[in-house]
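Protein sequences, first through last, are from chains A and B. Residue numbers 1 to 452, in the working numbering, belong to the letters of the first sequence in order. Residue numbers 1 to 382, in the working numbering, belong to the letters of the second sequence in order.
No wet-lab data here; the hints were simulated from the structure. Everything numeric in this text was worked out from a predicted model, so none of it was measured. Hints are supplied without guarantee of correctness; some may be wrong.
Under the rule of at most 30 Å between Cα atoms (straight-line distance), these lysine-lysine pairs were calculated in the DSSO-like manner [to be verified]:
#, chain 1, residue 1, chain 2, residue 2
1, B, Lys311, B, Lys301
2, A, Lys430, B, Lys327
3, B, Lys23, A, Lys90
4, A, Lys410, B, Lys311
5, A, Lys169, B, Lys340
6, A, Lys44, B, Lys327
7, B, Lys65, A, Lys430
8, B, Lys145, B, Lys23
A short list of chain A residues far from chain B (calculated; beta carbon distances all over 12 Å) [said to hold, decoys possible]:
#, residue
9, Asp130
10, Tyr149
11, Asp272
12, Gly397
13, Ala447
C-beta: ideal position from N, C-alpha, C; glycine also.
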Amino acid sequence: MLNLVDRPGPSPIFGNGERANRLQSTRFGGKLVNAYWESLFRAKEEGKKVVWYNGTYIPPFFHAHDLAWVHGEAWSAYLAAKHGEMPAQKAGEQRGYDRELCSYARTHIGQALIDLGKLKDGTLGIAPDDERAVTMAKLPPPDMIINAYPYCSSGQQWDDITYRLFGKKVPMFTVSIPLLWGGRPDAGYLRGEEWEQRSRYVADQLVAMTRFLEEHTGRKYNFDRLSEVMGYVKKAARLRLEAMDLCTATPSPASFFDWIVSIAPVNFLPGDQNLVTYFEGVKAEIKERAERGIGAVKDEKYRLFFDGMMNWNKVGWLADKFAAVNACVVAGRYTHMSFWQEPELIDLDEPVLGMAQNYLICPNNHGAPIMIGEIERICDKFGIGGMVMHASRTCRGMTNSQFLIAESAKRNGRQALFFEGDVADESFYKDELLNTRLEAMIESMEAQRRAA
Amino acid sequence: MEDVLDLFEDVAADSLGYARRWKEETGGRVIGVLPMHFPAELAHAAGALPVILQEDEEPITIGHKSVFNFYCGFNRSLIDQALRGKFSGLDAIMFGDHCVQLLGTADVIRANIPGLPILFNQLCSIIDAEWALAETERTFQQLWKELETLIGRKIDEADVRASIRLFNRDRGLMRRLYDLRRNGQIALSARQMQAVVKSSMVMDKAQHCALLERFLTQKRSEPSAVRSVRVFLSGHLCHAPKLDILDLIETCGGRVVDDDLYHGFRFIFADIDEQAPPVRALADWYLSRNRKVPCPTRAVKGADWEQYLLKAVADCRADGLIVLMAKFCEPHMFFYPEIKEAFERRGVPHLLVETEHEGVALEALKTRLETFMEITRRAVAA
Ligand code: SF4
Ligand code: SF4
């Protein structure tokens, strides 16, 4: 899983040339993200221990223990925003990491290789005094590595490699977040024996993780602090959901792409008042837009759902592309089915269980029947007419059930298109193919609209 | 002796055909088992024929509508077989490995064969975690319970122990073959060795054991093969490497003396304790795997595939290593650079061969293999 740092870029020459009407309030997020990185770069000077972690949104555990944390995916995204992913991927390739491997892992591992000093050889396509190299050099190395990747085995293997790259000397802890298969008769969304058992299983591991943190910091873990941090997170999460709900309005005041740029706060930024302020701002702007009938897309005619991992190199590009055919991507699996999407499960007196449960219901961690049931529910709620399926080449975590999702969409009278791309390797993206398929889908939706 | 091998080859070539005939003859249940870590012993103790599901030779056709072409050949083939109705003879499938691609396949099979019970139990993949033993025992207990529900009666502990003993016997016999091959005391081609192991994944165990015992008493000494390059084969998780690749390695001057293939030594290296309570014994067997033959789909600190390989190659006096890697197999792709670097550092010749369900261009591979054999010969001579 990944978070976004938005990358300004050119707009596609396509459709009516309209561009997405992005929310202004999300800019505050950019400031928060930058402040986060700046404080991280100072972590060692401030005497803080640094955890590198991958996977789900566990930073509240670190925040409550006064640690600094690096979300591997976020770091790669940060570099991508500075166009630094290419040298990292090249570094990975030079060590023999196949292009078909999760490009996120490849970027991160390649980056670690660069961090480990190989940059000096001058073989990695980036000079040591390049501004990007200077940024890269600022990242503090890990004192601990934690992996907490729901569902995807690649996520676990990726950290295994990071652990090896650092000479197997940095203490590492892995939290297993198993798939909720949902095969027993009592299985359902947030219910059944499997749900109960798995929730406790993950919660116990999270508690074990706090013992690991204690062991490697020599300090007692303070669960009251965790409750306090989670108080902000819960508030922010509620505001986010309320703001999302306002997008049932037509035209939709915000789009999937606005929610994409709002992931960082609920994924890896510190749980403090800023999070709440961020989502208060987002909600207020959305509310105002809804009242004034302003859409995220000019003359919204079609409402779409985005399935799959984000194509991080193309966020702005895609936002504009859909806007150019009057299509608003209103919701998505990645944004609407993850990142504290069930805040009411969190009991602030005893937050760990509810946190585990939120981690368990990440957007691909349900077996297909329950996951698709949730997708259909969201599509109905937001009046979705078509599905955009991003077949992200190297991310099996998010492509696994896509054919089943598309079949279900069609059964429910929704159009579906597939387009090829990738999470962080731009070379897999095929713009022409998306253009043709999007035009064809819009035509069919138009025909459907007229017939209705 | 040849007739036993022929039989093994026939079963290996058509595992579902064998299962169908077994079912017709015995009226028993056939349970499909997913690689690479499920204890088929439990299904056997339930009176069923456990059959490890295999990639088949058919090109992917109808499966295209349900799986992307950037998934490994095994997953694509499983899905294609499911959609072609090939699993109609199965009474259940034991599913739930950690590989993300297989998790997707489980769902496609569930959606397309709704009546087929899937006993889904995901094993803990961090096998040195402090909770790994408790969690693994819980998983096997759950599987035991689900098998009981499937067959409608209790599975006796004594039956599980008997199955464990039988499976151990079969593994032990195959390991003897491996020893003989390592020591040059038996002439078995890589193709034949694969047939021995692959058929054991499918056949009635008692029958397989009896045939193997007969085979071992009839074995003949290996003719001298002075000029061949001793090769260790590594990798190829979940599904069997194509036979034409194995043949080509040998026609290019190699002789496979050992391997860590799943359709090879990885399948048979460890026995299950026959004295301990069965669930505990199964869990110990599972959790100790990486310390013996490391698997990249599991994580254990301190167990290194590349170190294991360097030692295994030296122990069997192989001259070089050929890594067979199924295209799109992520666990393997993640760990291959570690192997490559370790072998480069040690100066042991090695070659990476990427395989595909659709087959590989044999002419190009032939040239690469010939060059590899030449380099290896020179390295040995130096
Ligand atoms: S394959 Fe996808 S889900 Fe898995 S680690 Fe990579 S980005 Fe994450
Ligand atoms: S481990 Fe490799 S071969 Fe096995 S199913 Fe996964 S990708 Fe395929």
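Verification of the hints:
With a CA separation close to 18 Å, the supplied pair Lys311 (chain B) and Lys301 (chain B) stays within the 30 Å bound. At most 30 Å may separate the alpha-carbon atoms for a hinted pair to count; Lys430 (chain A) and Lys327 (chain B) meet this at roughly 22 Å. The hinted pair formed by Lys23 (chain B) and Lys90 (chain A) fails the criterion: a straight-line CA distance of about 53 Å is larger than 30 Å. For the hint pairing Lys410 (chain A) with Lys311 (chain B), the CA-to-CA distance comes to about 55 Å; that exceeds 30 Å, so the pair is violated.
A C-alpha spacing of about 21 Å is found between Lys169 (chain A) and Lys340 (chain B), which places the hinted pair at or below 30 Å, so the restraint holds. The suggested pairing of Lys44 (chain A) with Lys327 (chain B) is violated, with an alpha-carbon distance near 42 Å, which exceeds 30 Å. For the hint pairing Lys65 (chain B) with Lys430 (chain A), the CA-to-CA distance comes to about 20 Å; that is within 30 Å, so the pair holds. Between the alpha carbons of Lys145 (chain B) and Lys23 (chain B) the distance comes to roughly 23 Å, so the proposed pair stays at or under 30 Å and holds.
No Cβ of chain B comes within 12 Å of the Cβ of Asp130 (chain A); the nearest lies about 25 Å off, and the non-interface call holds. At the 12 Å boundary, the C-beta of Tyr149 (chain A) falls inside the reach of chain B, the nearest C-beta of that chain being 10 Å off. For Asp272 (chain A), the requirement that its beta carbon stay farther than 12 Å from each beta carbon of chain B is met, with the minimum near 32 Å. The claim that Gly397 (chain A) lies off the interface is violated: its Cβ sits roughly 6 Å from the closest Cβ of chain B, which falls inside the 12 Å cut-off.
Annotated as non-interface, Ala447 (chain A) keeps its C-beta farther than 12 Å from every C-beta of chain B; the closest such distance is 24 Å.
Consistency with the previously given hints fails for numbers 3, 4, 6, 10 and 12, ordered from lowest to highest.
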